[in-house]
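**Student:** With the hints as your guide, set chain S onto chain L.
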Amino acid sequence: MGEPLLKVTDLKIEATAYPPGEPPQDITIVEGVSFALEKGCVLGLIGESGAGKSTIGLSAMAYGRGGVRITGGEVRVNGRDILRLGVRDLRRLRGAEVTYVAQSAAAAFNPAKRIMEQVIEATLEHGRASRSEAEARARALFATLGLPDPDTFGNRYPHQVSGGQLQRAMTALALCPQPDLVVFDEPTTALDVTTQIDVLAAIKDAIRETGVAALYITHDLAVVAQVSDEIMVLKGGKMVEHGATDQIINAPREDYTRALVSVRSIAHEEKVPTADPVLRVEHVTARYRGTSFDVLHDVTVEVHPGQTLAVVGESGSGKSTLARVITGLLPPSDGQIRFAGRPLSSALAGRSREDLREVQMIYQMADVAMNPRQTVGTIIGRPLEFYFDLKGEAKRKRVAELLDEIEMGKGFIDRYPAELSGGQKQRVCIARALAAKPRLIICDEVTSALDPLVADGILKLLLNLQKVENVAYLFITHDLATVRAIADSIAVMYRGRVVRYGTKSEVLAPPFDDYTDLLLSSVPEMKLGWLEDVIAHRKMESAGN
Amino acid sequence: MHPILILVSQRIALGLLLLWAASVLIFAGTMILPGDVAQSILGQSATPEALANLRAELGLNDPPVTRYFNWLFGALQGDLGVALTNGQDIAEALGRRLGNTLFLAFWAAIIAVPLAIFLGLLAVRYRNRWPDKAISGVTLASISIPEFLIGYLLVYFVAVKLGWFSSVAMINDSMSLGEKLSAIALPVAVLVLVVLAHMMRMTRAAILNVMQSAYIETAELKGLSGFNVIFRHAFPNAISPIVNVVMLNLAYLVVGVVVVEVVFVYPGMGQYLVDHVSKRDVPVVQACGLVFAAVYIGLNMVADIVAILSNPRLRHPK
Numbered sequence: 001m002g003e004p005l006l007k008v009t010d011l012k013i014e015a016t017a018y019p020p021g022e023p024p025q026d027i028t029i030v031e032g033v034s035f036a037l038e039k040g041c042v043l044g045l046i047g048e049s050g051a052g053k054s055t056i057g058l059s060a061m062a063y064g065r066g067g068v069r070i071t072g073g074e075v076r077v078n079g080r081d082i083l084r085l086g087v088r089d090l091r092r093l094r095g096a097e098v099t100y101v102a103q104s105a106a107a108a109f110n111p112a113k114r115i116m117e118q119v120i121e122a123t124l125e126h127g128r129a130s131r132s133e134a135e136a137r138a139r140a141l142f143a144t145l146g147l148p149d150p151d152t153f154g155n156r157y158p159h160q161v162s163g164g165q166l167q168r169a170m171t172a173l174a175l176c177p178q179p180d181l182v183v184f185d186e187p188t189t190a191l192d193v194t195t196q197i198d199v200l201a202a203i204k205d206a207i208r209e210t211g212v213a214a215l216y217i218t219h220d221l222a223v224v225a226q227v228s229d230e231i232m233v234l235k236g237g238k239m240v241e242h243g244a245t246d247q248i249i250n251a252p253r254e255d256y257t258r259a260l261v262s263v264r265s266i267a268h269e270e271k272v273p274t275a276d277p278v279l280r281v282e283h284v285t286a287r288y289r290g291t292s293f294d295v296l297h298d299v300t301v302e303v304h305p306g307q308t309l310a311v312v313g314e315s316g317s318g319k320s321t322l323a324r325v326i327t328g329l330l331p332p333s334d335g336q337i338r339f340a341g342r343p344l345s346s347a348l349a350g351r352s353r354e355d356l357r358e359v360q361m362i363y364q365m366a367d368v369a370m371n372p373r374q375t376v377g378t379i380i381g382r383p384l385e386f387y388f389d390l391k392g393e394a395k396r397k398r399v400a401e402l403l404d405e406i407e408m409g410k411g412f413i414d415r416y417p418a419e420l421s422g423g424q425k426q427r428v429c430i431a432r433a434l435a436a437k438p439r440l441i442i443c444d445e446v447t448s449a450l451d452p453l454v455a456d457g458i459l460k461l462l463l464n465l466q467k468v469e470n471v472a473y474l475f476i477t478h479d480l481a482t483v484r485a486i487a488d489s490i491a492v493m494y495r496g497r498v499v500r501y502g503t504k505s506e507v508l509a510p511p512f513d514d515y516t517d518l519l520l521s522s523v524p525e526m527k528l529g530w531l532e533d534v535i536a537h538r539k540m541e542s543a544g545n
Numbered sequence: 546m547h548p549i550l551i552l553v554s555q556r557i558a559l560g561l562l563l564l565w566a567a568s569v570l571i572f573a574g575t576m577i578l579p580g581d582v583a584q585s586i587l588g589q590s591a592t593p594e595a596l597a598n599l600r601a602e603l604g605l606n607d608p609p610v611t612r613y614f615n616w617l618f619g620a621l622q623g624d625l626g627v628a629l630t631n632g633q634d635i636a637e638a639l640g641r642r643l644g645n646t647l648f649l650a651f652w653a654a655i656i657a658v659p660l661a662i663f664l665g666l667l668a669v670r671y672r673n674r675w676p677d678k679a680i681s682g683v684t685l686a687s688i689s690i691p692e693f694l695i696g697y698l699l700v701y702f703v704a705v706k707l708g709w710f711s712s713v714a715m716i717n718d719s720m721s722l723g724e725k726l727s728a729i730a731l732p733v734a735v736l737v738l739v740v741l742a743h744m745m746r747m748t749r750a751a752i753l754n755v756m757q758s759a760y761i762e763t764a765e766l767k768g769l770s771g772f773n774v775i776f777r778h779a780f781p782n783a784i785s786p787i788v789n790v791v792m793l794n795l796a797y798l799v800v801g802v803v804v805v806e807v808v809f810v811y812p813g814m815g816q817y818l819v820d821h822v823s824k825r826d827v828p829v830v831q832a833c834g835l836v837f838a839a840v841y842i843g844l845n846m847v848a849d850i851v852a853i854l855s856n857p858r859l860r861h862p863k
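Sequence lines, in order, name chains L and S.
Numbering follows the working numbering, in which position 200 of the first sequence is assigned residue number 200; successive positions increment by one, without gaps.
Numbering follows the working numbering, in which position 42 of the second sequence is assigned residue number 587; successive positions increment by one, without gaps.
So that you can see chain L by itself, here it is in the shape it has in the complex (with noise of 0.2 Å):
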């Protein structure tokens, strides 16, 4: 046996950082990374953000994203160190032996080139299949990938097909070159749970047949347990553990791993519905303006003080129209919108200053959802002045106050965004919402950008302010795990329709619907074999029927 394929040692990789009002300066982002893949064999990179994972990944292609640079080590491709390699020579190499995945595929395809012409043309580029050859390849990939169509399918614009068709098409992209390595960054990352498990299979299945060995980047611990025959854990650029999948998932020796396995284990005790709810949606029916059909059909639910109802479903369930109906921006065409027993107006223009403030949101997007220019205490001191009146010193005690309840401290009055880490921010947020002293928070998918741990701390947090102020929440999500930690009812939404509505233990026990069913059983569990388990599950039953 010679060398293995990959073999990367003692890897460095460094980046210029800007601060702002600082001279710029190199950071390290990759430090002492070593390891070895041997043909055929799946290995797992996973970590938070800012791990450098993806950076480890692209390293396999010599490539750095931005300003981004390999500064040392060695990566070994097929026995020769890449980084050496001259331009021409790099060419040859990417596209051909080592191919990419890229997160979003949407993103990645070109929108002004049929699929098709997308997907043969490394093989082209690098001569390694003739025109009709590579055609041929890429239609048998495209039904080992389980397209629709796989004849006619690239023939078509990126546009003209689904974000989950998307990423398959990616897939067969970076195998069509019938390359020695695939890089797989996040490749499921960006769809939906019930999306995520079928390109998860077709993935697994493609990666078995053509006996490619692939670098599977996620942040998701469950979906890498699936695919992977080693897991390598990484924390800021460094390597924590490296070990076969079985060992991580069951056995890790590490307390950080053990902290990335044992995720989302919040013990939450469902309350018991009081008589009168805070908020009462009631038969709401609404459409956007210029379009011909209901977005929303007949939706009924309620939220109890105190309590947490999740709005649960895929994109494009309507989740957040929801949102936006309850919060006046988007007029009901029937229904109506009862709050602490009285109706609110179905227009933003028709509510009182109290109403405003008896309802707030919190977003997804901390970062784009704050005004960068403002520093911490402004933005948290805003609706204080708005709904209060608070001015001054009073106002300064009230901001430290909220930074002390998000667990942050006043050290960041004086902050500004740019200079706060991602969950930080979502902090930032949630005292903003607090400040009204509201009855109802609207959470709309709030801890979705957020990696797994920060994540984590998020949810307690909510959950601790919901015992202090007896704060309702209605929590958008499309992740049923965040679901079980924190709801005490649960309405799972399909198609703009209420399908399941009830409290947690009724919503979540058997018998199910079938889409509750489709959707719980398609949350990735952190166990082996699970995918096999699923898939055979489904191809039995649909043989039954």
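To be clear, the hints were calculated from the coordinates, so they are not data collected in a lab.
Just so you know, not all the hints are guaranteed correct.
Below are the DMTMM-like pairs computed for lysine to aspartate or glutamate, each with C-alpha atoms no more than 25 Å apart in a straight line [claimed, not checked]: (1) 824(S) / 634(S); (2) 113(L) / 762(S); (3) 12(L) / 762(S); (4) 395(L) / 506(L); (5) 467(L) / 354(L); (6) 437(L) / 514(L).
**Tutor:** For chain S alone, kept in the frame of chain L given last:
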């Protein structure tokens, strides 16, 4: 109906509406100009009776709306009236001049457009390195120097000192194509230098904007060469802004060449317009205005249509 047909026909309808609005503006604009055509034809010593007769003959006593529609329907049938100053048929004289102007503009465009796009691609390929800086510097300089100065500099050095080309760009029907091209070489050179920078810089900016996209990284990771990445993947997505600025410059080549035509004594539209403005020959001015407006609106309409056609989402709806 295919959505693209609807969009394109909307653009064309809008273009025609705009052209009509422009005709109203041109007519109204020339109406409120001071001075009296009859007076300027007959001179200061004309008798009141002669002036009145001439006014009646020219239809100057009709209400403006009637005169506008008479003029508009005439123009639609290709009858632009006769020049007041010399009694020539405007359509015929204008047609000859327009032909000359289009001839000049055509050759300038044939050189300038591909050159500008090529230089733009080259600047992107070597962005922030010396070829990019050299291209940007030279084109910026050429757009900053007034065109008459470039014209006279070329006349002095190339025509007078070197004697390669004639300094006067007179052409007529008896000349062969080669002779004509030789005659217009210098004005073409000046026009190319003037429009090059604008188009080249827009090409560079539009492509650089596209170069930020994730699919460019995909293309790079396919191992494509730098130029292939730009030409195959970035350029098709930058067509719409590039075509817009190209069309604006083509329009400039037709309607904005007055200075260059004067410098090189070229018998085109610009000179014709300037001559007749100074003689207060209103029908000629109106006709020229209408032709300029039509060229401008027509080219911009073409830019809009190309932008629509270059959008795959519109060409191939779901």
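**Student:** Do the alpha carbons of residue 395(L) and residue 506(L) lie within 25 Å of each other, as the hint requires?
**Tutor:** With Cα atoms ~44 Å apart, residue 395(L) and residue 506(L) exceed 25 Å; violated.
**Student:** Do the alpha carbons of residue 113(L) and residue 762(S) lie within 25 Å of each other, as the hint requires?
**Tutor:** Roughly 15 Å between the alpha carbons, so the hint for residue 113(L) and residue 762(S) holds.
**Student:** Going straight from one Cα to the other, do residue 437(L) and residue 514(L) come out at no more than 25 Å?
**Tutor:** violated, 40 Å
**Student:** Given the hinted pair residue 12(L) and residue 762(S), is their alpha-carbon gap at most 25 Å?
**Tutor:** Holds. Residue 12(L) to residue 762(S) sits at ~22 Å (cutoff 25 Å).
**Student:** Is residue 824(S) close enough to residue 634(S), meaning Cα to Cα at most 25 Å?
**Tutor:** holds, 16 Å
**Student:** Can the restraint linking residue 467(L) and residue 354(L) be considered satisfied, given a maximum Cα separation of 25 Å?
**Tutor:** The hint holds at about 23 Å.
Checked against the numbered hints above, the structure violates hints 4 and 6; every other hint is satisfied.
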